[in-house]
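Work the whole structure out from these sequences, hints included.
There are 2 protein chains.
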Amino acid sequence: MRRYLILPLLIALFSLAGCAATLPQRGTGDLGVVIERATGSIQVVGTTNRTRLGQITGLGDLSHASVNYSRDERYAYVFGRDGGLTKVDLLEMRIVKRVIQSGNSIGGAISQDGRFVAASNYTPGGVRIFNAETLDLVADIPSADRAGKSSKVVGLVDAPGNRFVFSLFEAGEIWVADMSAPSGLAVTKFEHIGKDPYDAMITADGRYYLAGLFGEDGLALLDMWNMEAGVKRVLNGYGKGEQQLPVYKMPHLEGWAATGNELLVPAVGRHEVLVIGMNNWKEVGRIPVHGQPVFVVARPDNRQVWVNFALPHNDTVQVIDVPSRTIIKTLKPGKAVLHMEFTPRGEQVWISVRDEDRVEVYDTGTFAKIKELPASKPSGIFFTPRAHRTGL
Amino acid sequence: MRRYLILPLLIALFSLAGCAATLPQRGTGDLGVVIERATGSIQVVGTTNRTRLGQITGLGDLSHASVNYSRDERYAYVFGRDGGLTKVDLLEMRIVKRVIQSGNSIGGAISQDGRFVAASNYTPGGVRIFNAETLDLVADIPSADRAGKSSKVVGLVDAPGNRFVFSLFEAGEIWVADMSAPSGLAVTKFEHIGKDPYDAMITADGRYYLAGLFGEDGLALLDMWNMEAGVKRVLNGYGKGEQQLPVYKMPHLEGWAATGNELLVPAVGRHEVLVIGMNNWKEVGRIPVHGQPVFVVARPDNRQVWVNFALPHNDTVQVIDVPSRTIIKTLKPGKAVLHMEFTPRGEQVWISVRDEDRVEVYDTGTFAKIKELPASKPSGIFFTPRAHRTGL
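Chains as they are written, first to last, in the working numbering: chain P, 1405 to 1796; chain H, 1405 to 1796.
Treat the hints with caution; some may be incorrect.
Remember, identical chains collapse to one label, so a pair may be satisfied in a single copy or spanning two.
Said to hold, decoys possible - Once the Cα atoms are required to be at most 20 Å apart in a straight line, the calculated SDA-like pairs of lysine to any residue come out as: (1) Lys-1491 to Ser-1467; (2) Lys-1736 to Pro-1778; (3) Lys-1686 to Gly-1664; (4) Lys-1781 to Val-1448; (5) Lys-1775 to Arg-1519; (6) Lys-1773 to Gly-1673; (7) Lys-1773 to Asp-1517; (8) Lys-1553 to His-1468; (9) Lys-1501 to Gln-1429; (10) Lys-1773 to Ser-1584; (11) Lys-1599 to Asp-1549; (12) Lys-1491 to Ala-1543.
I should point out that these hints are in silico values taken from the structure, not numbers from a laboratory. Note that the structure is a prediction, hence the values are computed from the model and not measured.
Encoded structure:
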């Protein structure tokens, strides 16, 4: 009789005490996520050994997904096209919580203090702000203009002072939501900033918020250090007026490269990268490139800028040497290069090649391909050190 | 008889399977280390909840200690005055390995790819480079000049391209050790750079290496993007010639604040912070402050610069508003303010107040003190996001 008791007891003890023993301790500073857009899954990767650590499924429609990270770099917040906001635990490789927060979402951001996660929505518009711990709704900001008409919200970023900044497409407005206000939320609105802002970016220091205008030339600029001055129009030659070729893909503003005093930006519809002086916001140069640029991304040391392209040139990546403004390398990773992500100190770059079903890793010093990793229709690549940066 | 077998068996199983169950999973992006200089111990802290997570003892003489982090933000490399290099596991809260690598050490650095840890030494001089995983010696670079005389090594930093840069005090030289060379190590030497380089810093992009000269005026500047141009002398009015008051403490160059186009640096021996234009390396302004500045540190968004002071003003911290170059806040944390460390997105600053045996945490937006943490004679504070930065 006693013998029969021992075994179930042991099994019970093992399952109680042994559960955590199967999961070794590991740091989270070298982790990342690769979006697998066709299957609604993400890969968790490690950049130290350039390995795939696991896959998490069930994240819905990831055809236009973005990722933010908790300040401890343990949790990823994945924003999907279907309005889904999914909190993923990168250590336990599981979904912690998933909410469908709208009908159609385009992007997200996490507050400076890490307490709030914000999602910007196309349908029904507006920004929703969630508790980063629980995903409980904290604030709902409808994007209705003075006439009561709702706008799609684009270009959502975080800014210092626990603020979120975003643009209203139809209304042509820029709003700043301050989560450090005594009431818990204060919204400052800038109207008539220009026609159809379609995307925006903020400089790494969190100072300059720039919105691209689809409906007219130029960019809308808000200096976050001097909000009283209002939104100004800059770079009036930029945008619609530049079009000499059909535009195959509107460039992402989040991929603009700020290299000290200059901003390198994709020319809309042209085979050029523009060099903008940040002291006067005027064009100071043009760099001919292989196709219509999509992402123009600076290596963290700002010495190189890597560029990918729209169809039919999306099999190519070019590397610009910043001081000489010349192309120093042309790579052909394969069909449909969608995204590039640098390791935080810039020694590697990871490139997603969607139609080849793989991610490639390059040494940015020698340009040697150092690894290929299989992935199912990979698009965005996001490494955890983004947790420590503003505006990503 | 059977009964007597069960208990030991259970205990054995518990100790096998249960060990890891006591250690919950956690991210490492919000961790940090506080040096407790008098007791040779470190505190491990968490910045999300502003808590002390543990203490690790037995690290030797930490009277002048510095810390680097592994690229996964799990391990801290602690360099002590006694030549000890200790690798600490922040998750398991234990010393992984400790080597006494020299008689007297002053600083360390970790390579861009995270594979190598370097220590610079006073006695017997030279730089030793270790495998970051095992702490096995990989390279030993004696600091002998052409005449065979050994120098103290100071101002050791990492630079892009898996390089280490450092200065030889007695010889007056700057050396660059390239760990990506085909042979595994190539050293480039710059001689006659000036008299008695006592410390150095590298800008956050890894481009400009600047060494302070104790024996003469000015700074030695090496442009890492154009090493062929050699080392130049800049800011000739800076240093010895500035002295109008006795110098109570030589300022740390690692604490210099680069705010876009300008560098804010402590004036040696004067109650001033100098503003240096980085386009021409000339002084463009002076900001009067409360005492002789020691650390002049930019908040990560570069809008504020925080300054602490040498005796007899070391109970004070002042905050400079960068755009207006004015003091906007004076704080009195207490006796012997030794160090300040910002959280990576700048919402908090942690300040060590040695003679009050505490660390204070301030909100950098409101300047409110939000927490006090007890610590035994705290000096340096180092947060894990340093793992992702160049030159720290």
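Going back to the hint list, which numbers does this structure go against?
Hints 6 and 8 are the ones this structure does not satisfy, whereas the remaining hints hold.
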